[in-house]
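**Student:** Chain Y is fixed; fit chain L onto it per the hints.
There are 2 protein chains.
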Amino acid sequence: MTAYQDLEARFHRLYALRGAAAVLQWDSSTMMPKGGAKARAEQLAQLNLVCHEALIDPALADLLNRAEAHPHALDSWQGANLREMRRQWRHANAVPPRLVEDLTRSATACEHYWREARARNDFAGLAPLLESLLALVREAALAKAGAFGLSPYDALLDEYEPGLSAARIDHLFDELATFLASALPEAVEKAAAPSALPGPFPAETQRRIGLRFMADLGFDFDRGRLDISHHPFTGGVPDDVRLTTRYDETDFTKGLMGVLHETGHGLYESGLPEQWRHQPVGQAVGMVLHESQSLLVEMQVCRGDAFLTWAAPQLAEAFGGLGAGWKPESLARLYRRVRPGLIRVDADEVTYPAHIILRYRLERALIDGRMGVRDLPEAWRAGMKDLLGIAPPDDRDGCMQDIHWPSGAFGYFPTYTLGALAAAQLFAAARRQDKTIEAGIAKGDFAPLLAWLRKNVHALGSLKHTDEVLTAATGAPLGIEAWRRHIEARYLV
Amino acid sequence: MTAYQDLEARFHRLYALRGAAAVLQWDSSTMMPKGGAKARAEQLAQLNLVCHEALIDPALADLLNRAEAHPHALDSWQGANLREMRRQWRHANAVPPRLVEDLTRSATACEHYWREARARNDFAGLAPLLESLLALVREAALAKAGAFGLSPYDALLDEYEPGLSAARIDHLFDELATFLASALPEAVEKAAAPSALPGPFPAETQRRIGLRFMADLGFDFDRGRLDISHHPFTGGVPDDVRLTTRYDETDFTKGLMGVLHETGHGLYESGLPEQWRHQPVGQAVGMVLHESQSLLVEMQVCRGDAFLTWAAPQLAEAFGGLGAGWKPESLARLYRRVRPGLIRVDADEVTYPAHIILRYRLERALIDGRMGVRDLPEAWRAGMKDLLGIAPPDDRDGCMQDIHWPSGAFGYFPTYTLGALAAAQLFAAARRQDKTIEAGIAKGDFAPLLAWLRKNVHALGSLKHTDEVLTAATGAPLGIEAWRRHIEARYLV
Chain Y
67 MTAYQDLEAR FHRLYALRGA AAVLQWDSST MMPKGGAKAR AEQLAQLNLV CHEALIDPAL
127 ADLLNRAEAH PHALDSWQGA NLREMRRQWR HANAVPPRLV EDLTRSATAC EHYWREARAR
187 NDFAGLAPLL ESLLALVREA ALAKAGAFGL SPYDALLDEY EPGLSAARID HLFDELATFL
247 ASALPEAVEK AAAPSALPGP FPAETQRRIG LRFMADLGFD FDRGRLDISH HPFTGGVPDD
307 VRLTTRYDET DFTKGLMGVL HETGHGLYES GLPEQWRHQP VGQAVGMVLH ESQSLLVEMQ
367 VCRGDAFLTW AAPQLAEAFG GLGAGWKPES LARLYRRVRP GLIRVDADEV TYPAHIILRY
427 RLERALIDGR MGVRDLPEAW RAGMKDLLGI APPDDRDGCM QDIHWPSGAF GYFPTYTLGA
487 LAAAQLFAAA RRQDKTIEAG IAKGDFAPLL AWLRKNVHAL GSLKHTDEVL TAATGAPLGI
547 EAWRRHIEAR YLV
Chain L
67 MTAYQDLEAR FHRLYALRGA AAVLQWDSST MMPKGGAKAR AEQLAQLNLV CHEALIDPAL
127 ADLLNRAEAH PHALDSWQGA NLREMRRQWR HANAVPPRLV EDLTRSATAC EHYWREARAR
187 NDFAGLAPLL ESLLALVREA ALAKAGAFGL SPYDALLDEY EPGLSAARID HLFDELATFL
247 ASALPEAVEK AAAPSALPGP FPAETQRRIG LRFMADLGFD FDRGRLDISH HPFTGGVPDD
307 VRLTTRYDET DFTKGLMGVL HETGHGLYES GLPEQWRHQP VGQAVGMVLH ESQSLLVEMQ
367 VCRGDAFLTW AAPQLAEAFG GLGAGWKPES LARLYRRVRP GLIRVDADEV TYPAHIILRY
427 RLERALIDGR MGVRDLPEAW RAGMKDLLGI APPDDRDGCM QDIHWPSGAF GYFPTYTLGA
487 LAAAQLFAAA RRQDKTIEAG IAKGDFAPLL AWLRKNVHAL GSLKHTDEVL TAATGAPLGI
547 EAWRRHIEAR YLV
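Order-wise, the sequence lines are chains Y and L. 67 is the number of the first residue of the first sequence in the numbering used here; add one for each residue after it. 67 is the number of the first residue of the second sequence in the numbering used here; add one for each residue after it.
Do not take every clue at face value.
A pair holds if it fits inside one copy or across any two, identical chains being indistinguishable in the list.
[Claimed, not checked] In silico DSS-like pairs for lysine-lysine, Cα to Cα no more than 27 Å straight-line:
(1) Lys-509 with Lys-320
(2) Lys-451 with Lys-530
(3) Lys-100 with Lys-521
These are computed hints drawn from the structure, not numbers from a lab.
So that you can see chain Y by itself, here it is in the shape it has in the complex (with noise of 0.2 Å):
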């Protein structure tokens, strides 16, 4: 066996593991009853320490050592495969063991505290904890940034999105940010005023029509399941996506497009390269892409006319609905409303891009060392005037809204933005390179755009970086002007 086949066997251990792992997370959210709790923390915790010793071991070090020194003989799957063992390696051995666990145990303990604090508004009681997590983060951060040879924030990017940086993500901010400033203006003023659709909107009707959607869309039944949790996800692995959604009786809009956004998600996993399913080169190769596919689906095509004129009578069936509000064009300013809101996650494509960079510059100042947690729901204050000409009257609709920080994923925020930016640059070539596809989703024939997304996206997992994906796909790496153009086009005539 050479250095590389046992470095594929451990790494496929790992990857069935971490599998395990995945598919307990999906059943804590979705089947596991409350006092299941305990017992799956401690499955989970031990799976997470099987997982990170493995990556430790000194035997692993000495294998990436000795297949890096033959890498001709290696084809270019296999190589791209060892440079993300590495990577993991370089992640998991930057920090010593006794900071990971502590980052564990006050990450858990601030999340938890959160759920409850941001109900009734109380930044200050979770100020403590936020603040001894971000110095965690923040120890781990400089860690790695002596490591990897970037700077602590890069550093943390660097975990969701190889390769990203800081000075990448401020240059296409500002441009957006200079973008949004005349645009964001005009595309309220532009918005008409949706008719209101009267419910109510059985959950199984929502559910029925969910199902539908996903399958015409290409999403295998046979690998996936679609249930129900309180925040929507796609969970499981590549032969057995497990999305979820929620349902709001009142109004079905917000599900059904959870329902197309995580369907996004699964296509993706569901694509990748089957002879790799558990190895590094066969996983999704940054949360930019993951995020591309599902606004791709949920945001390019699904609020596009050619879809919503496909859905619009199907949905005013399914729900028996009738009258001019379930006309297309009438779904269509339901679906496009442009307007300045306090919650990221009820944002539209227009203002979403705003909470994005809000959250970018302050996570930035927190890890620079720049700002204390304490100055934060003054800096989200002044932000969010700044950038949507609104602020928050307290704490749990500005700065507590979002799990993330409680629970210690700072660099994440950016790839969301990144992601639209994407999805609009990818949906754009594929329409200029296959002129089916427009056709095609005007008649619910998905299969053109799911084949475009294969050849170009799913079936490459981790063999090329993003920039490298999206230059062969598009002729360019990442950039504003296809989103920009989007937003013209849909908003601003």
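**Tutor:** The following block gives chain L in isolation, referenced to the frame of chain Y:
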């Protein structure tokens, strides 16, 4: 950290990982789409390997030796915990890793083949795979026999029920067979024909009444669930017990008793000592007591007059049933039919032991090498004729009906009937010691019964072996007397 404390830490991890595997097993049978099977098999295989490697780690042997050198440093729970750790170590280390792997592969292949071979009555096709598997099982049994100083069959029994021996089973089963030789024809003759209940019985109604009875019996839905699977089972972990059943809309009786049977298993699991959750001493002591708890609920309680008197009007109301067929005494006739049949899982409680005695005799002969796989069909027919007076027309409903042998489980069958004996013995003692138990059942108050079981069985975990538990609770080790009296009282009057 003492050697014993180190052992506790290692077994804590082991049980957390086994708990993870248990939930994934449940998911495989209830939730998993069929395309997920391959990935799931990998997840479970790697989890099992990690657990097996933990048990064969030489450092563990060293810790066991050191902890056993200081028995007086441990209290009785810790001492029992150490004893069970050693038992698991012995089982894991008696068999070479190569054989463990071969066994897993062979059993998987054989069971997989059996699933389709049974349907087409293809014993000739199954035989070579079963022969290979049996050869490996015998090799493992021989290795364990040498290591434990036991006979090969006793070494297999020890895996499911610590300390159980063929000599003990011979003694009990000979008494049973003698009793049944006269009791069985008499019971058949005395059993009154039940009135047929006209269906259909909607699955949703069956589920609702099953959930209600479960709750009444004391099942805590904050720490467990009920779902559907092809074969009913109890899975999950003690604080998250996952029961399954299936519903036949033409006949509610089996599905309902299935739920009550699994509820008995589930109550045992959830009643195991909470402070020892992830340690060997906190687990069920063996399959005899486990089966006793399911049969105590299903057979002793729920087919008894007190329960049926309470349950009959609720069943009639739930299913909209009218007429004499829904009276308690009519339901009692339905639930107490005695009829020799070909299929074990459909057998009544009088004929059931005959099915087990047959399997026990045959599997002993297979393990001892007194019989070959190809002799099974004929030996099965002869045995059925001898014990029940009927013989199967084919192998599908003969020696191919059970999953146990094709999946490599030899030495398991006896625990079913030993569990039935223990159930009768425990229920008789419980009613003797607490007169409120019977009265409680008649009005749907199962709290006194559950309290007795919690104290005398569940809360003991593996502190004591089965015979010690039975002796302390009932005044005698496992025997057939209580079961004989139960059968006489219910079927021979």
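**Student:** When the hints from earlier in the document are held up against this structure, which numbers fail?
**Tutor:** 2
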